[in-house]
Amino acid sequence: MVRALLLQVSALLMLSSLVAAAPRRGPRDLDAPQAALKAAPQTHNSGSVEVEHRSMDELYKAAMKENGTLRVSWGGDVQASKNGIMKAFSSRFPGIKVDLNLDISKYADGIIDLAYARTKGMDDGADVAVLQSVHNFPRWKGQGRLLPYKVAPWNDIQPEFVDPDGAYTGLHIFTLGFQVYNPKVTSNATLPKTYLDFLRPEWKDRLILTYPNDDDAVLFLFKGITEKYGFDYLHQLQQQNVRWVRGTATPSILIAGTGSAAHLPDVAQNAGMISFASSNAFTSGIAVQLFDDAYMSWPQTGAIFATTNMPESSRLFLSFLMDDQWQKTVSQGRFATRRKYDGEHIMQQEGHEPTKYVQFMSDRQKVEAFRFQIEKVIGTAQGTNPVELW
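According to our numbering, the sequence shown holds residues 28 to 417 in order.
Mixed in with the good hints there might be a few duds.
Listed next, the in silico DSS-like pairs over lysine-lysine satisfying Cα-Cα at most 25 angstroms (straight line) [unchecked claim]: (1) 114 <-> 92; (2) 393 <-> 255; (3) 383 <-> 133.
Quick list of the computed label-pair ranges, beta carbon to beta carbon [stated by the list, open to error]: (4) 232 <-> 77: 18 to 28 angstroms; (5) 192 <-> 231: 45 to 55 angstroms; (6) 396 <-> 268: 21 to 31 angstroms; (7) 224 <-> 406: 19 to 29 angstroms; (8) 77 <-> 229: 56 to 66 angstroms; (9) 227 <-> 166: 38 to 48 angstroms; (10) 314 <-> 398: 26 to 36 angstroms; (11) 121 <-> 355: 14 to 24 angstroms.
Just so you know, the hints here were simulated from the structure itself, not pulled from any lab data.
Note that the structure is predicted; figures quoted are calculated from it, not measured.
We put the beta carbon where it would ideally sit given N, CA and C, even for glycine.
Based on the sequences and whatever the hints tell you, model everything.
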């Protein structure tokens with residue numbers, strides 16, 4: 028089975044297209060009529076939403092006419108994610124003011140809902156959201172809180188990753204379930220071949236993994252592992268004296284021992300550790316090894332909120348994420364929601380169903396039940412929010 032890995036390059040993800048209905052205006056718009064300020068959340072006629080026909084230059088010109096700052100809620104757990112997308116977008120579209128708020132998706136969605144409740148539906152606290160917590164988007168759509176938009180390459184996006192009405196779109200494919208190690212310390216010839224191999228004596232005290240009960244993507248990875256090997260696998264893994272950490276980037280950063288991690292007292296010990304529950308996009312000095320066992324993937328998803336006062340800037344931002352230039356950079360010829368850049372064909376991977384994560388996340392009762400089963404074994408997540416560390 029050919030396994031593919033998408034390196035999570037600087038932050039990312041999607042959406043675009045024109046909407047016939049004008050977006051609702053919130054309290055931030057001083058010229059909004061009083062009636063609009065009291066209006067209830069409106070739904071949109073999806074039949075009126077056409078695929079974006081304007082070029083990026085035309086979208087840019089339209090966005091430049093807006094006065095204000097584009098607010099983006101960006102799901103992630105390492106500052107490099109924010110820095111990468113901000114630099115790329117600002118260099119291509121100077122003059123567009125962007126306030127990109129980086130936070131773990133499970134916190135970001137709550138902040139959005141609190142803003143919506145606090146303003147009685149007049150402001151979601153963000154114009155655009157790009158999050159891992161994919162279960163929120165159908166709910167927000169059902170509440171009439173999303174502004175439908177279909178980016179210019181809409182018809183190139185695989186239908187499994189979009190809302191047919193354009194309410195939200197999968198921007199990139201992320202994956203977890205590959206090995207991360209420091210090649211200066213660990214030889215790839217000695218690496219485990221399956222998850223069972225991590226239970227061997229030589230890997231005791233050498234595993235550093237992201238808390239699955241702190242990150243839903245990692246939780247879903249462990250769901251696949253325990254379905255294959257039984258829940259007792261987790262008890263055996265815990266006997267390996269695993270070092271559990273917060274944040275999917277944290278294991279890679281610690282194993283590399285570079286940057287801010289270079290000054291930690293246990294830097295030498297960290298270099299000899301390995302992980303199968305970590306991203307690797309924002310760290311140099313590490314290597315990645317694929318192995319033929321369970322892995323997971325998901326479409327990082329984005330949408331525009333109907334309360335936005337910056338509709339054209341929002342469309343420009345999502346269009347940028349789905350544009351050829353950014354998609355090529357992010358996909359690197361591996362997995363992508365756009366067919367043109369899906370070099371290893373995510374929907375055709377043997378024994379892998381990339382839509383299962385979305386299904387898993389939609390059943391919150393089962394998600395929380397499994398989270399607490401895991402937590403009973405490994406304990407509650409300890410440590411600082413990784414966004415504040417890296």
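Range hint compliance [Cβ, residue 314 to residue 398, 26 to 36 angstroms]: For residue 398 against residue 314, whose Cβ atoms are near 31 angstroms apart, the range 26 to 36 angstroms holds.
message: Does the beta carbon distance between residue 232 and residue 77 stay inside 18 to 28 angstroms, or does it fall outside?
response: Violated - the Cβ-Cβ distance for residue 232 and residue 77, about 58 angstroms, lies outside 18 to 28 angstroms.
task: Can you let me know if the beta-carbon spacing of residue 77 and residue 229 is within 56 to 66 angstroms?
output: 59 angstroms, holds
- prompt: Within a Cα-Cα threshold of 25 angstroms, do residue 383 and residue 133 meet the stated pairing?
  reply: 19 angstroms, holds
task: Please work out if residue 114 and residue 92 have their alpha carbons no farther apart than 25 angstroms.
output: 21 angstroms, holds
- prompt: Lying within 21 to 31 angstroms: is that true of the beta-carbon distance residue 396 to residue 268?
  reply: Check passed, 27 angstroms falls within 21 to 31 angstroms.
query: Should the hint that residue 192 and residue 231 are 45 to 55 angstroms apart at their CB atoms be regarded as holding?
result: 51 angstroms, holds
message: Hinted pair, alpha-carbon criterion (25 angstroms max): residue 393, residue 255. Please report holds or violated.
response: 18 angstroms, holds
- prompt: Does 38 to 48 angstroms hold as the CB distance between residue 227 and residue 166, or does it fail?
  reply: 44 angstroms, holds
message: The hint says 14 to 24 angstroms between residue 121 and residue 355; measuring C-beta to C-beta, is that right?
response: 22 angstroms, holds
message: Verify the CB-CB distance for residue 224 and residue 406 against the hinted window 19 to 29 angstroms.
response: Since residue 224 and residue 406 have Cβ atoms about 24 angstroms apart, the given range 19 to 29 angstroms holds.
Comparing the model with each numbered hint stated earlier shows that hint 4 is the single one that does not hold.
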